[in-house]
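A.B. asks: For reference, the chains in residue letters:
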Amino acid sequence: NAGVTQTPKFRILKIGQSMTLQCTQDMNHNYMYWYRQDPGMGLKLIYYSVGAGITDKGEVPNGYNVSRSTTEDFPLRLELAAPSQTSVYFCAASSYNSPLHFGNGTRLTVT
Amino acid sequence: AQSVTQPDIHITVSEGASLELRCNYSYGATPYLFWYVQSPGQGLQLLLKYFSGDTLVQGIKGFEAEFKRSQSSFNLRKPSVHWSDAAEYFCAVGGYNKLIFGAGTRLAVHP
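So the sequence lines, in the order shown, correspond to chains A and B. Position in the first sequence (from 1) plus 1285 gives the number in the numbering used here. Position in the second sequence (from 1) plus 5 gives the number in the numbering used here.
One or more of the hints may lead you astray.
[As the list claims (entries may be wrong)] Label-pair restraints from in silico Cβ distances:
(1) G1301(A) x R82(B): 46 to 54 angstroms
(2) A1337(A) x H115(B): 48 to 56 angstroms
(3) A34(B) x R1362(A): 29 to 37 angstroms
(4) D59(B) x M1312(A): 22 to 30 angstroms
(5) H115(B) x N1313(A): 37 to 45 angstroms
(6) N1313(A) x Q50(B): 19 to 27 angstroms
(7) T1394(A) x K73(B): 35 to 43 angstroms
[Stated by the list, open to error] Here are the simulated BS3-like pairs of lysine-lysine, each with C-alpha atoms no more than 27 angstroms apart in a straight line:
(8) K1329(A) x K54(B)
(9) K1342(A) x K103(B)
(10) K54(B) x K103(B)
(11) K1329(A) x K73(B)
(12) K1329(A) x K1342(A)
(13) K1342(A) x K54(B)
(14) K103(B) x K1329(A)
Since the hints were derived computationally from the structure, they do not count as laboratory data. Heads up, the beta-carbon is just placed ideally off N, CA and C, and yes, glycines get one too.
Bound conformation, chain A alone (with noise of 0.2 angstroms):
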C-alpha cells in the first residue's frame, strides 16, 4: 500500500500563476486534509473533506481551492500564487477512530 501519495514533491513558481497540488490514497478513508506547515507555525487546517463531493474551509483557506470528486483524490488549487504561499504542503487522509496519515509534503516557493 502506498498510502498518502502527493505530487510534485518541489515546485517553483512565479507569483501570479497558478498550480494544482495532488493528493491520492488508496486506504480508502472518507476524510483527507490539506495542511500547509510554516517554521515555528506547526501545521495549520487549510481545507478539509469529509467524503466525496463534500468540502470545508479550515483555518486558513484564502487563496486555495479544493475539490473532491472520488474518495480517493483531493486535489489542492493555488489560482494566483503569492509568495505567502511559500510553504510545505501536506496531505492527509484519515477514518473514524483512525489517525490522520500523512503523505511525504510538496515543497512550493513562490518567487
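Got chain A sorted already, so can you dock chain B onto it with the hints?
C.D. replies: The following block gives chain B in isolation, referenced to the frame of chain A:
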C-alpha cells in the same frame, strides 16, 4: 478557543538520557490526543494516540505519553534517547476528523 501549546521550541539531550516533551491543550471536550514525529524532509509519522481508557499510552520506538485531564496535558516521554530520535515532534488534539497541531519541539541528541 481551541489550541495546543508546546512550550519548548528546542530541546537538547545526551544520548541515553531520559526525555520529556511537554504538551498542553485547550479544548471544549475531552479530545483525541496524538504525538507525531517528523524527520527532516519527511512527512509526519504517528508515534502514539489516546482516544480513551488507560491514560498512559505506549507508542512506537519506545515512546509513551500520559494524559492528565486535570492539567490538560499530554506529555511525551522516553526513558533513554537514541541518536536516531533527533527530529521534530508535534502534539495534536481534536476530534477524529480534524486536528489542531502545536508548533513543534525540535529535539537534538548529543552523542
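A.B. asks: Compare the structure with each hint and give your call.
C.D. replies: Evaluated hints:
1. G1301(A) x R82(B): 46 to 54 angstroms: 48 angstroms, holds
2. A1337(A) x H115(B): 48 to 56 angstroms: 49 angstroms, holds
3. A34(B) x R1362(A): 29 to 37 angstroms: 34 angstroms, holds
4. D59(B) x M1312(A): 22 to 30 angstroms: 27 angstroms, holds
5. H115(B) x N1313(A): 37 to 45 angstroms: Given range 37 to 45 angstroms: holds, Cβ gap about 44 angstroms.
6. N1313(A) x Q50(B): 19 to 27 angstroms: 21 angstroms, holds
7. T1394(A) x K73(B): 35 to 43 angstroms: 41 angstroms, holds
8. K1329(A) x K54(B): 20 angstroms, holds
9. K1342(A) x K103(B): Cα-Cα ~11 angstroms, so holds.
10. K54(B) x K103(B): 14 angstroms, holds
11. K1329(A) x K73(B): 25 angstroms, holds
12. K1329(A) x K1342(A): Since the Cα atoms of K1329(A) and K1342(A) sit roughly 11 angstroms apart, the hinted pair holds (cutoff 27 angstroms).
13. K1342(A) x K54(B): With Cα atoms ~25 angstroms apart, K1342(A) and K54(B) stay inside 27 angstroms; holds.
14. K103(B) x K1329(A): Holds, because 11 angstroms separates the two Cα atoms, which is no more than 27 angstroms.
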